[in-house]
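J.: So the sequences go chain by chain: A and B. When we follow the numbering used here, the leftmost residue of the first sequence carries the number 77, and every step to the right adds one. When we follow the numbering used here, the leftmost residue of the second sequence carries the number -4, and every step to the right adds one.
No wet-lab data here; the hints were simulated from the structure. Keep in mind the model is a prediction, meaning the values are calculated, not measured. C-beta: ideal position from N, C-alpha, C; glycine also. Each hint should be verified, as a subset may be incorrect.
To give an idea of the chain B side of the interface with chain A (calculated C-beta under 8 Å), a few residues [stated by the list, open to error]: (1) 20; (2) 99; (3) 102; (4) 104; (5) 105; (6) 106; (7) 126; (8) 209; (9) 212.
In silico negatives: residues of chain A with every beta carbon more than 10 Å from chain B [claimed, not checked]: (10) 91; (11) 108; (12) 210; (13) 212.
Okay, here's what each chain looks like letter by letter:
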Amino acid sequence: MQTKPATTAFLELIQQNKRIIFKICHAYCKDRREHEDLAQEIVYETWRSFGSYDKGYRFSTWLYRIALNVAISYYRKEEKYKHIIPFPEEHLVEFAEEKEGQAASERFSLLRDFIQSLNEIDRSIMMLYLDEYAYREIAVIIGISETNVATRIGRIKEKMRTRFSNPSKPDHGTE
Amino acid sequence: MELNEFKNIWQQYDNKLESSLKLNQRCLEMIQAQKTRSKLAPLMRIRVFEMIAHAVAIWWLAGFLLRYYAEWKFALSAVVLIGFFILSFITCLKQVIIFRRIDYSDDIITIQSAMVMLQTHNADYVRLGFLWIPTYMAYPLIFFKAVGGIDISQVGADWWMAQLIFSGLLLFPCLWIYRQLNYRNIHKPWVNKWLQALSGKHITNAMRFVREMESIKQGMA
């Protein structure tokens, strides 16, 4: 069972890495209610797994794995199963949405739309790539070879070139 | 725009994400106190219940087999149904094993494939249903014998022979369909249509996703 210091340690680590959760929520969900639901699920599942956290990994890498797994599962769920939250009266996570509004610019919107147009796996790869994770780390998080990561990033770059050289033609990924 | 420009935009976005997320410590402690279980737990309880039901059926049919092993029609029917229930039991057992291995901190391809395999359980029953078709006479034969001691094969030798021939004719097509109806063939239009009609669109979508995961892992997609 987790002890009190574990709660504190967990909160500190989440606090330090909360940007990851925020970015993933925005990449996989479009409306605000879903952002909070997903963030809640991510923190909930991270906390449940915290006892088995392997310190051999950077916490951010470990969190990325859990958060992306939860986000992809959430994204693929049917609507009626999306809002089963263990604590309906109280929110485990609260978003201050206006910060995202401040961050958004026209060019950022283009990038976000592009990321959202990719399939679930390429979306994860793209986010990790933009966060400057090494191919080796991306390979470990996704569960594919480094060569495969390089190939997929090459294809995403190609899609980007096509998309932004001809912005009127949106690319809807492989879904 | 160039890729480097996107990286810069992303970094600027990242830098502006301050105090966007607040955690409720009280809520976190409540989770700790309640020894939370996975949301998949109810699903697994259903699978365990199914396993128990299949085990009971196997146990009962084994008893029936012991009682009537000298009468080949009943013995053969019992063996066929035991085989059918063993397959159903194994299908549920595989699901429970997948469930126990799910750990969100594992890599994405492994976990997403496992999650989707849990969703496709209904399709496993659809497949098993095709295996059951050629053995359809085994059920009434055993049922009437067990309940009322009636041997329905006594209806007439011709009728019985016709049923056997019909079952024999169904055997190979049904086996072929059983082998075809799986996620590896979901790209075939007829497999997709059949599974969609028999188990729902969410199942075929899930199967396509598993196939995509496999292709990604093999570097083919």
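J.: Determine for every hint whether it applies to the structure shown.
T.: Hint-by-hint comparison with the structure:
Residue-level restraint check for residue 20 (chain B) holds (minimum Cβ-Cβ distance to chain A is 6 Å; threshold 8 Å). The closest approach between the C-beta of residue 99 (chain B) and any C-beta of chain A is roughly 4 Å, which is under the 8 Å cut-off, so the hint is satisfied. The restraint placing residue 102 (chain B) at the interface with chain A holds, with a minimum CB-CB distance near 3 Å, inside the 8 Å limit. The closest approach between the C-beta of residue 104 (chain B) and any C-beta of chain A is roughly 4 Å, which is under the 8 Å cut-off, so the hint is satisfied.
Hint on residue 105 (chain B) holds. Least Cβ distance to chain A is approximately 5 Å, under the 8 Å limit. Satisfaction of the interface hint for residue 106 (chain B) is found here, the shortest Cβ-Cβ separation to chain A being roughly 5 Å, below the 8 Å cut-off. Hint status for residue 126 (chain B) relative to chain A: violated, with the closest Cβ pair at about 29 Å, above 8 Å. Interface hint status for residue 209 (chain B): violated, as the beta-carbon distance to the closest one in chain A is roughly 11 Å, over 8 Å.
Taking 8 Å as the C-beta contact cut-off toward chain A, the hint placing residue 212 (chain B) at the interface holds, the least distance being around 6 Å. Not every beta carbon of chain B lies more than 10 Å from that of residue 91 (chain A), the smallest distance being close to 7 Å; the non-interface claim is violated. In this structure residue 108 (chain A) is separated from chain B by more than 10 Å, as the shortest Cβ-Cβ distance comes to about 12 Å. The claim that residue 210 (chain A) lies off the interface holds: its Cβ sits roughly 14 Å from the closest Cβ of chain B, which is beyond the 10 Å cut-off.
Every beta carbon of chain B lies more than 10 Å from that of residue 212 (chain A), the smallest distance being close to 13 Å; the non-interface claim holds.
Comparing the model with each earlier hint shows violations of hints 7, 8, 10; every other hint is respected.
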